[in-house]
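Participant: What follows is the residue order along each chain.
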Amino acid sequence: MIDWGLAVKICVFGLSAVFASLALLIGAIYAFEKILQIIEKRLN
Amino acid sequence: MLDIAFTTGVMHLTVGNGLMWLIAFFFIYLAIRKNYEPLLLIPIGFGILIVNLPLTFLMEQGRGLLWRFYHYGLEWEVIPPLIFLGLGALTDFGPMIANPKTLILGAGAQFGVYIAFFGALILGFNVQEACSIGIIGGADGPTTIYTTVRLSPHLLGATAIAAYSYMSLVPIIQPPIMRLLTTEKERKIVMKQLRPVSKREKILFPLVTVVVICLIVPAAAPLMAMFMLGNLFKECGVVRRLSDAAANELMNIVTIFLGVSVGATMSAEHFLKLQVICVFVMGIVAFAFSTAAGILLAKFMNFFSTEKINPLIGSAGVSAVPMAARVSQLMGSKANPKNFLLMHAMGPNVAGVIGTVVAAGVFIALAG
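Sequence order for the protein chains is A and B. Going letter by letter, the first sequence gives residues 167 to 210 in my numbering. Going letter by letter, the second sequence gives residues 6 to 373 in my numbering.
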């Protein structure tokens with residue numbers, strides 16, 4: 167007997183986790199790009 | 006006299022053994038003659054051959070040599086993370102950092118994983134088996150092996166062979182789907198040159214990524230941590246010896262044990278089943294849908310983006326590094342000889358590896 171509830175939970179949580187983690191990484195990349203630019207400007 | 010004869014393997018040979026030998030020879034032929042994933046197919050083929058020699062007891066629990074490789078290497082979850090350490094030391098995240106939007110394409114290509122997951126459930130596999138089959142769509146061998154060992158070890162041979170076979174067949178599987186889902190005009194889109202990425206950004210990336218991913222999906226930590234450690238070795242520039250060891254010697258050594266251990270799980274009584282054919286069918290379904298989802302997501306992103314993305318790079322989100330990126334480059338340059346998509350495609354390509362590890366982590370956390 168297939169546990170369809172668990173299957174749907176895995177699918178929804180899985181796709182959410184994939185998109186959320188990669189979206190967070192995009193945010194982090196943009197953020198540390200800006201921060202590094204500011205630091206380099208100040209150092210110059 | 007007859008008693009002596011029965012102490013030899015000859016008297017215990019079965020038709021199944023013979024069939025598995027043919028499969029073993031076929032893999033070795035593909036590796037040597039066609040150069041399809043030779044680093045893996047030769048040890049896998051050899052593993053299949055020797056495990057199907059009667060009375061050798063190579064996979065006997067607690068005693069067999071190959072059982073020890075399998076038990077301590079795969080069941081103890083040592084080999085796949087070590088492979089990831091080497092992959093990290095070989096991976097350049099520069100193109101992805103230069104154009105972070107391409108990370109989304111790596112996520113989009115995971116849709117195929119879930120389509121194959123539901124397909125496997127409909128075919129009668131249980132949830133754990135369906136997870137192991139679905140992850141084939143991520144086109145990432147070590148992740149497939151890691152997930153299968155955790156959730157349904159009896160399917161290890163089938164899922165590993167399906168993943169590596171389809172990865173080597175990417176140049177055959179992907180182009181028809183790419184042509185079907187894109188117009189000539191879209192394939193001609195030229196993407197602007199990527200900005201240079203500083204060393205600081207490249208060093209920060211593995212540190213930030215390991216924290217973000219492991220906080221969201223802790224079950225992905227063994228693979229992700231090793232992946233990012235390997236990348237930090239490469240990018241920091243002060244541990245060249247460790248980086249070289251991870252990318253070369255260590256990677257080569259664990260590849261031998263990985264291949265032989267996977268091959269050793271493919272004895273006739275475990276492999277010659279209808280279930281295995283279903284695994285291969287669902288594997289190709291996963292690959293096809295992952296390719297299609299990446300392309301369609303790239304087209305969707307073009308509705309909102311001022312800088313157009315060539316949808317051909319979406320298919321590289323299936324991982325299969327760097328083969329899938331090369332296919333994008335080839336298709337793009339066919340449509341427009343001035344088009345150089347390789348570096349653009351490397352973004353979704355390496356993002357796909359991260360996406361697949363996250364998907365595997367969720368499978369293990371919820372179904373394990």
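Warning: the hint list may mix true and false statements.
Below, a list of computed lysine-lysine pairs in the DSS-like style, where the Cα atoms sit at most 27 Å apart [said to hold, decoys possible]:
1. A:Lys207 / B:Lys204
2. B:Lys106 / B:Lys197
3. B:Lys106 / B:Lys204
4. B:Lys197 / B:Lys313
5. B:Lys207 / B:Lys39
6. B:Lys197 / B:Lys39
7. B:Lys339 / B:Lys313
8. A:Lys207 / B:Lys304
9. B:Lys106 / B:Lys207
10. A:Lys200 / B:Lys204
11. B:Lys339 / B:Lys193
12. A:Lys200 / B:Lys190
13. A:Lys200 / B:Lys343
14. B:Lys39 / B:Lys339
15. A:Lys207 / B:Lys197
16. B:Lys339 / B:Lys207
17. A:Lys207 / B:Lys106
18. B:Lys106 / B:Lys343
19. B:Lys193 / B:Lys313
20. B:Lys106 / A:Lys200
21. B:Lys106 / B:Lys278
22. B:Lys343 / B:Lys190
23. B:Lys190 / B:Lys39
24. A:Lys200 / B:Lys313
25. B:Lys304 / B:Lys193
26. B:Lys313 / B:Lys278
27. B:Lys207 / B:Lys197
By construction, these hints were calculated from the structure, which means they are not laboratory data.
Participant: Does each hint hold? Answer for all of them.
Facilitator: Comparing the hints with the structure gives:
A distance of roughly 16 Å separates the Cα atoms of A:Lys207 and B:Lys204; the hinted pair therefore holds under the 27 Å criterion. Pair hint B:Lys106 plus B:Lys197 holds up; C-alpha atoms about 14 Å apart against a cutoff of 27 Å. Restraint check for B:Lys106 and B:Lys204: satisfied, since their Cα atoms lie roughly 20 Å apart, inside the 27 Å limit. A distance of roughly 9 Å separates the Cα atoms of B:Lys197 and B:Lys313; the hinted pair therefore holds under the 27 Å criterion.
Taking the CA atoms of B:Lys207 and B:Lys39, the gap is near 36 Å; set against the 27 Å cutoff, the hint is violated. This hinted pair does not check out: B:Lys197 and B:Lys39 have alpha carbons roughly 36 Å apart, beyond 27 Å. With a CA separation close to 19 Å, the supplied pair B:Lys339 and B:Lys313 stays within the 27 Å bound. For a cut-off of 27 Å, the pair hint linking A:Lys207 to B:Lys304 is broken: about 37 Å separates their Cα positions.
The straight-line distance between the Cα atoms of B:Lys106 and B:Lys207 is roughly 17 Å, inside the 27 Å bound, and the hint therefore holds. Taking the CA atoms of A:Lys200 and B:Lys204, the gap is near 15 Å; set against the 27 Å cutoff, the hint holds. Restraint check: the Cα-Cα separation between B:Lys339 and B:Lys193 comes to about 9 Å, which is no more than 27 Å; the hinted pair holds. For the proposed pair A:Lys200 and B:Lys190, the alpha carbon gap of about 35 Å is over 27 Å, so the pair is violated.
Of the supplied pair hints, the one linking A:Lys200 and B:Lys343 is violated, its CA atoms being roughly 32 Å apart against a limit of 27 Å. Annotation: proposed proximity of B:Lys39 to B:Lys339 holds, straight-line Cα distance about 24 Å (limit 27 Å). As the CA atoms of A:Lys207 and B:Lys197 are separated by approximately 26 Å, the hinted pair is consistent with the 27 Å bound. A threshold of 27 Å between alpha carbons decides the hint, and for B:Lys339 with B:Lys207 the separation of about 32 Å lies outside it, so the pair is violated.
Distance hint between A:Lys207 and B:Lys106 is fulfilled; the C-alpha atoms sit about 25 Å from each other, no more than 27 Å. For the given pair, B:Lys106 sits about 23 Å from B:Lys343 by alpha-carbon distance, which is consistent with the 27 Å threshold. A distance of roughly 11 Å separates the Cα atoms of B:Lys193 and B:Lys313; the hinted pair therefore holds under the 27 Å criterion. Restraint check for B:Lys106 and A:Lys200: the C-alpha separation of about 16 Å stays at or below 27 Å, so the hint holds.
For the given pair, B:Lys106 sits about 43 Å from B:Lys278 by alpha-carbon distance, which is inconsistent with the 27 Å threshold. Only pairs whose Cα atoms come within 27 Å are accepted, and B:Lys343 paired with B:Lys190 is accepted, the gap being roughly 14 Å. Distance check on the hinted pair: B:Lys190 and B:Lys39 sit about 34 Å apart at the alpha-carbon level, beyond 27 Å; violated. Of the supplied pair hints, the one linking A:Lys200 and B:Lys313 holds, its CA atoms being roughly 23 Å apart against a limit of 27 Å.
For the hint linking B:Lys304 to B:Lys193, the alpha-carbon distance of about 13 Å falls within 27 Å, and the restraint holds. For a cut-off of 27 Å, the pair hint linking B:Lys313 to B:Lys278 is broken: about 47 Å separates their Cα positions. Between B:Lys207 and B:Lys197 the alpha-carbon distance is near 21 Å, which keeps this suggested pair within the 27 Å criterion.
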